[in-house]
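Student: Okay, here's what each chain looks like letter by letter:
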Amino acid sequence: MAVGRRVLVTGLGSFWGARVAQALEQDDSIEVIVGLDTKEPTVPLERTEYVRADQSYSILARIVKAAQIDTILHTFLVVDSTHMSGRALHEINVIGTMNLLAAAGAANSPVRHILVKSSSLVYGSTYQDPAWFREETPRTHSPRTRVERSLIEDEGYLHDFPEHNPDVMVTLLRFSNVLGTDIVTPMSKALELPLVPKIMGYDPLMQFVEEDDVIRCIEFVMANQVPGIYNVAGDGRVPWTEVARLCGRRTIAMPPVLTSLAAAPLDRLLRVDLPEETLALLRYGRGIDNRRLKRAGFQYRYTTAGAIESFAEASRLRATVGDSNPVYKYQAEVENFFRHSPAVVRNAD
Amino acid sequence: MAPPERQLKVRTPGALVHLPRQTPPDEGPLADPRLGDVDEWGRSEHIRELTRRLYDPLYRHWFRAEWEGLDKVPKTGGALIVANHAGAIPSDAPVIMHGIEEELGRPVYGMAEHLFKALPVFGTLWSRAGGVAAHPENAYRLLREQEQLALVFPEGTKGPGKLFQDRYQLRRFGRGGFVEIAMRAGVPIVPIAVVGSEEAMPILWKVPRLSQMLGVPYVPITANMLVLGPVLGLVVPFPAKFRLTVLDPVHFDVPPDQERYSKSRVMEEADDIRVRLQEKVYEMLRARKSVWFG
Numbered sequence: 098m099a100v101g102r103r104v105l106v107t108g109l110g111s112f113w114g115a116r117v118a119q120a121l122e123q124d125d126s127i128e129v130i131v132g133l134d135t136k137e138p139t140v141p142l143e144r145t146e147y148v149r150a151d152q153s154y155s156i157l158a159r160i161v162k163a164a165q166i167d168t169i170l171h172t173f174l175v176v177d178s179t180h181m182s183g184r185a186l187h188e189i190n191v192i193g194t195m196n197l198l199a200a201a202g203a204a205n206s207p208v209r210h211i212l213v214k215s216s217s218l219v220y221g222s223t224y225q226d227p228a229w230f231r232e233e234t235p236r237t238h239s240p241r242t243r244v245e246r247s248l249i250e251d252e253g254y255l256h257d258f259p260e261h262n263p264d265v266m267v268t269l270l271r272f273s274n275v276l277g278t279d280i281v282t283p284m285s286k287a288l289e290l291p292l293v294p295k296i297m298g299y300d301p302l303m304q305f306v307e308e309d310d311v312i313r314c315i316e317f318v319m320a321n322q323v324p325g326i327y328n329v330a331g332d333g334r335v336p337w338t339e340v341a342r343l344c345g346r347r348t349i350a351m352p353p354v355l356t357s358l359a360a361a362p363l364d365r366l367l368r369v370d371l372p373e374e375t376l377a378l379l380r381y382g383r384g385i386d387n388r389r390l391k392r393a394g395f396q397y398r399y400t401t402a403g404a405i406e407s408f409a410e411a412s413r414l415r416a417t418v419g420d421s422n423p424v425y426k427y428q429a430e431v432e433n434f435f436r437h438s439p440a441v442v443r444n445a446d
Numbered sequence: 009m010a011p012p013e014r015q016l017k018v019r020t021p022g023a024l025v026h027l028p029r030q031t032p033p034d035e036g037p038l039a040d041p042r043l044g045d046v047d048e049w050g051r052s053e054h055i056r057e058l059t060r061r062l063y064d065p066l067y068r069h070w071f072r073a074e075w076e077g078l079d080k081v082p083k084t085g086g087a088l089i090v091a092n093h094a095g096a097i098p099s100d101a102p103v104i105m106h107g108i109e110e111e112l113g114r115p116v117y118g119m120a121e122h123l124f125k126a127l128p129v130f131g132t133l134w135s136r137a138g139g140v141a142a143h144p145e146n147a148y149r150l151l152r153e154q155e156q157l158a159l160v161f162p163e164g165t166k167g168p169g170k171l172f173q174d175r176y177q178l179r180r181f182g183r184g185g186f187v188e189i190a191m192r193a194g195v196p197i198v199p200i201a202v203v204g205s206e207e208a209m210p211i212l213w214k215v216p217r218l219s220q221m222l223g224v225p226y227v228p229i230t231a232n233m234l235v236l237g238p239v240l241g242l243v244v245p246f247p248a249k250f251r252l253t254v255l256d257p258v259h260f261d262v263p264p265d266q267e268r269y270s271k272s273r274v275m276e277e278a279d280d281i282r283v284r285l286q287e288k289v290y291e292m293l294r295a296r297k298s299v300w301f302g
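Chains R and S are the protein sequences, given in the same order. Using my numbering, you'd call the opening residue of the first sequence number 98 and step up by one each time. Using my numbering, you'd call the opening residue of the second sequence number 9 and step up by one each time.
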């Protein structure tokens, strides 16, 4: 039986889970899409089945077996540590992934491919870093922030997983910072401020990947059954001040010492929280080598500067017309009716 | 450059309309709407040009640098340049880089202590001017993939951090990492012996307690500081005459891109280069009649 036909997506209520599910729905060769989350989806989905599950995925093993899931897309790893307690982060990233892998690796599990959306945060950002991290390059300092620690722990589980489950393929994708038309991150919020914060005396090289390339990359890896670890980032690196200029913004300098103290009012006044890992990035930047994924056959549609431009255009549009998208509210009965009621005529046209 | 293929994105959370499947990527380069000229290493050709113009008088009239054996520096392909390192704020690095760029028209990328990157303002300028942090990954990329000239000082900070009384006595060559990098990158090592750097900024005393507090390798009290004051003395070198001699390049007869290389061979080669450089420096000192006029 071909793999990649019956798919489970974690974090359906989150940005990435929803985006991935929407993209998969358009692929007719995918028979079943099941989405897990504690929250209801915030986007309309046509045929994805939403299952409410707690963060520890206790019912995952049963769902996987019942729906004969062959591919798990684990998109629900938290990489934005703002406005989230360290404990919640640990529960989602570490305990959640552990349970997910345990369910996927259970005896007679139908799962054949696990794809995990991780982040280039696992490389850290310090002054001793190389200009580019390859997938094998070790980080230069031990992680100091919770989100980095949790992602590294996850990768440890994933590293061990194939040893006990040799017939399950594991793909680990490390995405650099994402910019695009819709995603909201601490970085995108900072770039929408009238004056973009920078750290005095530093102008680090930043690397971004466009949100469409993220989705396309996940689809690519699923369709082509590509195992292994891959960096995902747009070509080129752009200095932070130029990033701000591309967004049509001027910068304001924060002091190079006690920077987190200087950044704190931003959170209080403007709801722009710059966590420690983002401040490190604004000081030293980070580059990841994206060539392995290209060699595997993936073609990017945006460079780093292209991703920034895509964000800047969407940001200008929003500034003019506001967020005009109609609000969607998930209603279980309605969704159930369209999916399962005998009254609905399928393939009417 | 082709304009990016724009499409109306409606797969936003809350949007009711779905996008059609994306068209396959069109051929040709992706749009890269840059505003500045800073490349992926952080170099800016404008700043490099400006630095060259500002440094040239110093190179020609202050240090009056003179070369011997410049033809031994390869005209094409990657090569790792190594040299002895001296003077509190060492002038040998800019002299070698500027010299080869001027005389041979080939850029040389100086690889230095990571600490530079940690410094505000200076770290950014250094990177814009072409400085690269001395990480094996960076060296490999420069030498093997981009076939450039890279400059390293195997003594590290031990070279410029030594007292004036130890002048021209080469320190240990690290752990031979530079040899391993050259082997892995499949490039020759070109040693350059430099005379004049020690006298440009001699260290009289060091303040170990202060350097520990500041987290820097050394805090020097230089002769320049005694003459010119603490601030000016830190940036203005004495006009010592610079002489530079390029030694025969060392080619390693090993295949590139190996997982590891024989440690004993690496250490042997590193020590061999150190001895050759040391001997050449002594030879040049024997011939030198004046510190200031050569």
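Since the hints were derived computationally from the structure, they do not count as laboratory data. Treat each hint with caution, since some may be false.
So the derived label-pair ranges between C-beta atoms look like this [claimed, not checked]:
| no. | chain 1 | residue 1 | chain 2 | residue 2 | range |
| --- | --- | --- | --- | --- | --- |
| 1 | R | R368 | S | L212 | 53 to 61 Å |
| 2 | R | M195 | S | G85 | 27 to 35 Å |
| 3 | R | D264 | S | Q266 | 27 to 35 Å |
Some chain S residues near chain R, calculated using beta-carbon distances under 7 Å [to be verified]:
| no. | residue |
| --- | --- |
| 4 | A120 |
| 5 | H122 |
| 6 | P128 |
| 7 | F301 |
Which residues of chain R face chain S? A few of them, derived with a C-beta cut under 10 Å, are [as the list claims (entries may be wrong)]:
| no. | residue |
| --- | --- |
| 8 | S153 |
| 9 | F230 |
| 10 | D300 |
| 11 | P301 |
| 12 | G331 |
| 13 | P336 |
| 14 | Y381 |
All residues carry an ideal CB built from backbone N, CA and C; glycine is no exception.
Student: Hint by hint, note whether the structure agrees.
Tutor: Verification of the supplied hints:
no.	hint	in the structure
1	R368/R x L212/S: 53 to 61 Å	55 Å, holds
2	M195/R x G85/S: 27 to 35 Å	50 Å, violated
3	D264/R x Q266/S: 27 to 35 Å	33 Å, holds
4	A120	12 Å, violated
5	H122	4 Å, holds
6	P128	2 Å, holds
7	F301	40 Å, violated
8	S153	26 Å, violated
9	F230	8 Å, holds
10	D300	5 Å, holds
11	P301	8 Å, holds
12	G331	8 Å, holds
13	P336	5 Å, holds
14	Y381	7 Å, holds
Against the hints set out earlier in the document, violations occur for numbers 2, 4, 7 and 8.
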